[in-house]
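**Student:** Produce the complete structure using the sequences and hints provided.
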Amino acid sequence: MWSLCRTFIRPALSTGGLPSLRRSVVAPPVSRSYGTRFNVPPSAEFVSRVSGIPTMNKLPHQESAEGLDAAFIGVPIDTGTSNRPGARFGPRQIRVESAMLRSFNSGTRAAPYDSLMVADIGDVNVNLYDLKDTCMRIREFYRRVLSAGCIPLTMGGDHTIAYPILQAVAEKHGPVGLVHVDAHADTSDVVLGERIGHGTPFRRCVEEGLLDCSRVVQIGLRGSGYSADSYAWSRAQGFRVVQVEECWFKSLAPLMEEVRGQMGGGPVYLSFDIDALDPGFAPGTGTPEIAGLTPIQGVEIIRGCRGLNLVGCDLVEVSPPYDTTGNTALTGANLLFEMLCVLPNVKYL
1 MWSLCRTFIR PALSTGGLPS LRRSVVAPPV SRSYGTRFNV PPSAEFVSRV SGIPTMNKLP
61 HQESAEGLDA AFIGVPIDTG TSNRPGARFG PRQIRVESAM LRSFNSGTRA APYDSLMVAD
121 IGDVNVNLYD LKDTCMRIRE FYRRVLSAGC IPLTMGGDHT IAYPILQAVA EKHGPVGLVH
181 VDAHADTSDV VLGERIGHGT PFRRCVEEGL LDCSRVVQIG LRGSGYSADS YAWSRAQGFR
241 VVQVEECWFK SLAPLMEEVR GQMGGGPVYL SFDIDALDPG FAPGTGTPEI AGLTPIQGVE
301 IIRGCRGLNL VGCDLVEVSP PYDTTGNTAL TGANLLFEML CVLPNVKYL
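In the UniProt record's numbering, the protein residues as written are 1 to 349.
Honestly, I wouldn't trust all of these hints.
As the list claims (entries may be wrong) - What follows is a list of derived Cβ distance ranges for each label pair: (1) 324 - 348: 31 to 41 Å; (2) 224 - 294: 17 to 27 Å; (3) 294 - 194: 25 to 35 Å; (4) 214 - 46: 48 to 58 Å; (5) 254 - 193: 38 to 48 Å; (6) 136 - 224: 30 to 40 Å; (7) 192 - 109: 45 to 55 Å; (8) 226 - 140: 18 to 28 Å; (9) 63 - 136: 36 to 46 Å; (10) 236 - 174: 19 to 29 Å; (11) 67 - 254: 18 to 28 Å.
Hints in this document: simulated from the structure, not taken from any laboratory.
Glycine residues also receive a C-beta, built at the ideal position from the N, C-alpha and C atoms.
**Tutor:** Written as structure tokens, this is what we have:
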């Protein structure tokens, strides 16, 4: 398995200055501060980022969640979108851009790959012709992941996927707290007559008792609405609503201190829609809204979840066709890495 390899072949230089495989030498094992019982991404010091089959952070791929503490999972759908499509390609592009990621978090000194067994277990086999069938497939897939004692880290895909994922999560953990980062509340009752879509997941979750409504916070909500108070329903359920105007020009670290107090020690799910970020930073998404959060604030929110009993996370709504530079997918990959770094039992060096 490439992740456990500690010996690398370094070609010696021939007299002409070009590598000569005939004269190759075996370099000594590369020193690392982590042990070898975990999957560790290959270092770009020795393995080219552009080589290999794309997996999240160039981790090993395995077929199931057995033996894993956490797993990256793709859910490639956009059949629940109401505007620009393309999120079905999100997981693939996030994996490609994640080749830039390294093993340690330099900002927090988190060492996730010295702490947890992590792998990329591929994608849910979705049905692009039937959204309800896709939701059933997602729910069953996540039941298996959770039954293995594994924390799912999901690459979307549109935000519809949060509904069946939370069905599986609540089945295991009971009603969960929710840190929801988004431009939109996603609490509509119906959209174009349909009850399942990317604008309705958290309404369905409340109706089914999947959320502990006293432990739900929605951060970054903004944009024009269908009524003067687009978030009245959320507040009526007991959600804390933090509109984007409350976030402008400030650090969100104090907010997250309050959120940690709100969440307490119970199970918490983190759902991050990339459109929470201003489209100047993350244009590759289906329903962009101006005047959003900055990537720095996004990182502050995720790092502010350190210490919570996180039982699952997702990063959704990356749409590569509208992401001409790849920066949206790159940002998404980095935010997923930040999520991994705040999971329970991650060491800080």
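**Student:** If a hint holds in the structure, say so; if it doesn't, say that too.
**Tutor:** Taking the hints in turn, this is what the structure says about them:
Here the CB-CB span from residue 324 to residue 348 is close to 37 Å, well matched to the stated 31 to 41 Å. Against the hinted window of 17 to 27 Å, the Cβ-Cβ separation of residue 224 and residue 294 comes to about 21 Å, which satisfies the hint. Between residue 294 and residue 194 the beta carbons are some 33 Å apart, a value that agrees with the proposed interval 25 to 35 Å. The beta-carbon spacing between residue 214 and residue 46, approximately 50 Å, falls within the hinted interval of 48 to 58 Å.
Look at residue 254 against residue 193: about 42 Å separates their beta carbons, and that is inside 38 to 48 Å. A hinted range of 30 to 40 Å holds for the C-beta pair residue 136 and residue 224, which are about 34 Å apart. Here the CB-CB span from residue 192 to residue 109 is close to 48 Å, well matched to the stated 45 to 55 Å. The given range of 18 to 28 Å is broken by residue 226 and residue 140, whose C-beta atoms sit roughly 34 Å from each other.
Under the hint 36 to 46 Å, the C-beta atoms of residue 63 and residue 136, about 20 Å apart, miss the expected range. At about 22 Å, the beta-carbon gap between residue 236 and residue 174 stays in the expected band of 19 to 29 Å. Checked against the hint of 18 to 28 Å, the pair residue 67 and residue 254 fails, with Cβ atoms roughly 39 Å apart.
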